[in-house]
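As a plain string of letters, each chain reads:
There are 2 protein chains.
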Amino acid sequence: MSITHTCPDHFTPVPLEKCYRLMNHGPTVLVSARHGGEDDVMAAAWACVLDYGAAPKVTVVLDKATRTRELVEASGRFALQLPCVAQAGLTVAVGTHSAKDMPDKLARLKVPMFAAQGDDLPLVQGCVGWLICRLLPEPHHQHTYDLFIGQVEAAWADERVFSQGRWHFDTAPDDLRTIHHVAGGQFIVAGASVQG
Amino acid sequence: MSITHTCPDHFTPVPLEKCYRLMNHGPTVLVSARHGGEDDVMAAAWACVLDYGAAPKVTVVLDKATRTRELVEASGRFALQLPCVAQAGLTVAVGTHSAKDMPDKLARLKVPMFAAQGDDLPLVQGCVGWLICRLLPEPHHQHTYDLFIGQVEAAWADERVFSQGRWHFDTAPDDLRTIHHVAGGQFIVAGASVQG
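The listed protein sequences derive, respectively, from chains A and B.
Be aware that the first sequence starts at 2, since it is given in our numbering, and climbs by one per residue.
Be aware that the second sequence starts at 2, since it is given in our numbering, and climbs by one per residue.
Chain A extracted, bound-state conformation (with noise of 0.2 Å):
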């Protein structure tokens, strides 16, 4: 499958040292892999900042039942990326269509698909932060436990809803808001910000 390296606009680099805080407020995820010329994209509520600092990484439960974990056990890089509430649907459609039985997935779901420059890996266009990862393999967790460790490589986010380390929920548009998945595709979206 081709994709555009035309990247989406705002769509702008987040210092490694400050990429935790995409994930830290516990959204659900987007996992995207390629490997031998095959994309899958699926949805995980079971990802989380494992790391920061200079070598900053991350875990996600990928099921043995999906194309996209196959993925990133061949080419040992995989993406994390958030969708936000203009793509709940989405979420759902490619978190409950395997590849397995869906050969055209991301076609079929009409998944809008870029990859950053320099680089292969398939990110979906209309999220709000993307985090590239390379696998730390660790056999025996990912087959008893599968979990899957990640260290970033790269990150962005839309800088209309996060800039400076932070987000901006209350003054971006309320589409551009995290998701967070409970169960059965309803979701909690982020809200306002408090301070402790």
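Just so you know, these hints were derived from the structure itself, not from any lab.
Among the hints, a few may not be true.
The list treats identical chains as interchangeable, and a pair is accepted whether it falls inside one copy or across any two copies.
Claimed, not checked - Derived pair list, reagent style SDA-like, types lysine to any residue, alpha-carbon separation capped at 20 Å:
id : residue 1 : residue 2
1  : Lys65     : Gly54
2  : Lys65     : Tyr146
3  : Lys65     : Thr145
4  : Lys65     : Met103
5  : Lys19     : Asp64
Let chain A serve as the given structure and place chain B on it in line with the hints.
Just chain B, lined up with the frame of chain A:
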């Protein structure tokens, strides 16, 4: 430290197969543990569901500098609980001060504790969800990544805001919404519900 076994009002059991829904939307948690008569509570933004069903599991990252981690390692048990808006200040306080520097931390910070009937794990009053976990020892991941895995043995929620396996933020008092840490004491509050 003696702890009351009088449970807070609205403290209601959550069936194990539904307990993942307490954490699925990515809230910040308070981690508590007890060993040798010593209790501690810390805050953790990096906690996540690992598995659901009859043997639900969670992950939580516990820094080596924390006393709570030592109590977890010594006792093999811990609790995760979900602070709400009303507890944002308390969450920052228990996440900032260490029992290593402040031995009477829980008393000094006036953290209101209780324990469930038949159990001695210290739980925090005023939270909106509680999960008691048995540590599944994984020394490599604990040492290398500070990553701890727990199997949930019992769970409860404040029935005003979580019942029938769902959050009811839209109808419950706003102070009972979960909080999701970004950085520096700033939290995103759980907002509206949308269906994808």
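Do the hints match the structure? See the list:
In this assembly of identical chains, lysine 65 and glycine 54 lie within 20 Å of each other by CA distance solely across copies; the values are 16 Å between and 31 Å within a copy. Proximity of lysine 65 to tyrosine 146 under the C-alpha cut-off of 20 Å is restricted to the intra-copy arrangement: shortest distance 10 Å within a copy versus 23 Å between copies. For the identical chains of this complex, lysine 65 and threonine 145 are intra-copy neighbours only, at 10 Å inside a copy versus 24 Å across copies, given an alpha-carbon limit of 20 Å. Taking the shortest Cα distances, lysine 65 and methionine 103 sit within 20 Å of each other inside one copy (17 Å), while across copies they are farther apart (45 Å).
For the homomeric pair lysine 19 and aspartate 64, the shortest alpha-carbon distance between copies (19 Å) is at most 20 Å, but the shortest distance inside one copy (28 Å) is not.
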